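Using the sequences provided together with the hints, build the complete structure.
Protein sequence lines, in the order shown, are assigned to chains A and B.
Each residue of the first sequence is one higher than the one before, starting from 20 at the first, in our numbering.
Each residue of the second sequence is one higher than the one before, starting from 20 at the first, in our numbering.
In case anyone wonders, no lab produced these hints; they're calculated from the structure.
The structure displayed is predicted, hence computed values, not measured ones.
It is possible that part of the hints are untrue.
One copy or two, either will do: identical chains are not told apart, so a pair holds if it fits within one copy or between any two.
To be verified - Here are the simulated EDC-like cross-link-like pairs (lysine to aspartate or glutamate), alpha carbons at most 20 angstroms apart as the crow flies: (1) Lys34 to Asp378; (2) Lys334 to Asp293; (3) Lys319 to Asp293; (4) Lys244 to Glu132; (5) Lys200 to Asp264; (6) Lys334 to Glu322; (7) Lys275 to Asp62.
2 protein chains.
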Amino acid sequence: MKIGIVGTGHTKFGKSEQNIEELMLEATNQALLSAKTDIEKIDVIYVANLSSSFSHQCHLPAVLASALRVNKEIIRVESACASGGLAIKEAAIAIASGLYKTALVVGVEKMTETPIDETTAILASAASQTEIRHGATFPSLFALMAQRHFYKYHTTEKDLAQIALKNHHNAFLNPLAHFHKEVTVDDVLKSRVIASPLKLLDCSAISDGAAAVVMCSEETAPYFKSEPIYLIGIGHNTDFIGIYDREDLTQIPSVKKAAQKAYLMSGKFPKDIDVAELHDCFTIAELIEMEDLGFCDKGKAAEMIAKGETQLVGKLPINPSGGLKAKGHPIGATGVSQVVEIVKQLQGTCGKRQAKKADIGLTCNVGGSGATAIVNILSR
Amino acid sequence: MKIGIVGTGHTKFGKSEQNIEELMLEATNQALLSAKTDIEKIDVIYVANLSSSFSHQCHLPAVLASALRVNKEIIRVESACASGGLAIKEAAIAIASGLYKTALVVGVEKMTETPIDETTAILASAASQTEIRHGATFPSLFALMAQRHFYKYHTTEKDLAQIALKNHHNAFLNPLAHFHKEVTVDDVLKSRVIASPLKLLDCSAISDGAAAVVMCSEETAPYFKSEPIYLIGIGHNTDFIGIYDREDLTQIPSVKKAAQKAYLMSGKFPKDIDVAELHDCFTIAELIEMEDLGFCDKGKAAEMIAKGETQLVGKLPINPSGGLKAKGHPIGATGVSQVVEIVKQLQGTCGKRQAKKADIGLTCNVGGSGATAIVNILSR
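Here you go:
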């Protein structure tokens, strides 16, 4: 399978004055413009969004039809924080079926207008009923993973802080990022404890935003006047919802399984990846994903970080966009935003945050505490 | 395109003691059993569900993975009340891509535990923000359509009451229906006014329930030991969300467009349809859909009803299951339930509610006030 990506759009992430409709429209119009096409050329549209509870609006496909003033086939997909990656995958399958030549994917979330206690409840509803009943929230679930990783592999709070530092540095170079503030290891270590060992600066924030891509069949790609990037491998896996079902809390089995499928489909190996966007909802998530994606052996991510290999100037820049941590995490948009960043890295248009070598890129989008994972591999 | 349907499952609709997980599991296990297969043979799973607000549970794909104790690719899709039909369509596309040979589709909604004012707010959120702001709910939006149809085509409250009578009669013969109570035209006319001219017995109710189907590629179908029915045409359209955008309130343009696509793909015409399940969220919806699906000319549905043509013994039985009106309308389950009924009609296993001739069947699943429509055409 080889699916063209011929256009990208991305709003600024952060607290926005725009409503959900306006966010979708801005990202879509940018994507169509960059693909040098118009909405009439799009055969099918996929929308990714976590929850109608944020905007008190379900039936988002019809909201988008109204915003775009078109009648099309529009589908909303959801699998918690992996909804964006899932929409990319479903659009790729639709094109692979031969029934559609072109697709638009829009990921969106409008979060900042919801009171914080409601936001906490909405987000927690992506965990298992058992975890919810015990008062567990995502920071506490990822904190358990971190504690176990610390115990088993001697990973430290400083290792995690390095991830925050790197991602804030990268976001500083990304005009569309939520945060433009460099942080030091000391800043992270001294920030407020959220769920030990995770501190405020280990956590991603609440953001508004939308991202969009225009996709097409391999045969159709040359007809677009933009430089196509190709999606060459997709892996998706859904695991049990509760982390109490995991044999080993230092691993996210869905990420491993999704990665294996994506590597198999693309014929690529971890060593072939030049640049990657990982799902750093918490710093520990980026570290565990590095291992489960095969970028290093289990327990060795901290070494890779210490050597600076995942920095922009390293041999495998991770989260050049700033990641969920510092670019922001408007949930439905995140998986699409990751693909937008990798497409731009592969096109060499990322300016100050451009990776030196960018022929093959990877995105890893995770839902909940890791039950869902979607891995995409892209190539020039 | 020709996609096999080789298994069906359906819980009793109504007020259930089961939670959302148990409902999904019961329908799934029945579907697997009727397909004489097991979950390991399923390549991909689609889940249809309107809103995480009912069950305070999003990330439903992972909930289902836990319930089934499997790690698979699981996708939730949503487009308001058309989510079930949409899941069937997306599963068909996945199989058509050649990437998957088999798919399970589960539609579910657990509604009866939510307080009625919350339910009203959740359902209203599938309308446009403008309509919500003006206090419009779905009964009032469909009432506007009815008023206009009455004015333009001299349709009457009695014509609508005949639809309620028929669907309650059919549901009386369906052991899985929510309501087992025959009603007379007089009962309907004397029931409480909800939004004039719609009365209580013109409206579908709040139900719990799940429905499931096992689907497979045409080549794979003979390997199942059950009698396959084939999905031969699919049409989907998303229109603007607000009915104020419609030129004529007596039509649902999305239904027309979806039907045209499904007829084109299947090579069938309205006259070829032997039995149909329509989206009678309100009696007026069944009447308008009859016209927009081409079963009769615009404005002539009342005549067709008066002649008894849509009754079980008529030439085109509509909603033999009892429809949303009397079988029940657990939203995410509805579109899947419609396909389950048509599959069983085509297999000739519907007992007392069996249509005399059932070679070609049609389902029409509608979202919101008609912005989304999915039409499926099935054949033996």
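Those earlier numbered hints the structure runs against, lowest number first: 1, 4 and 5
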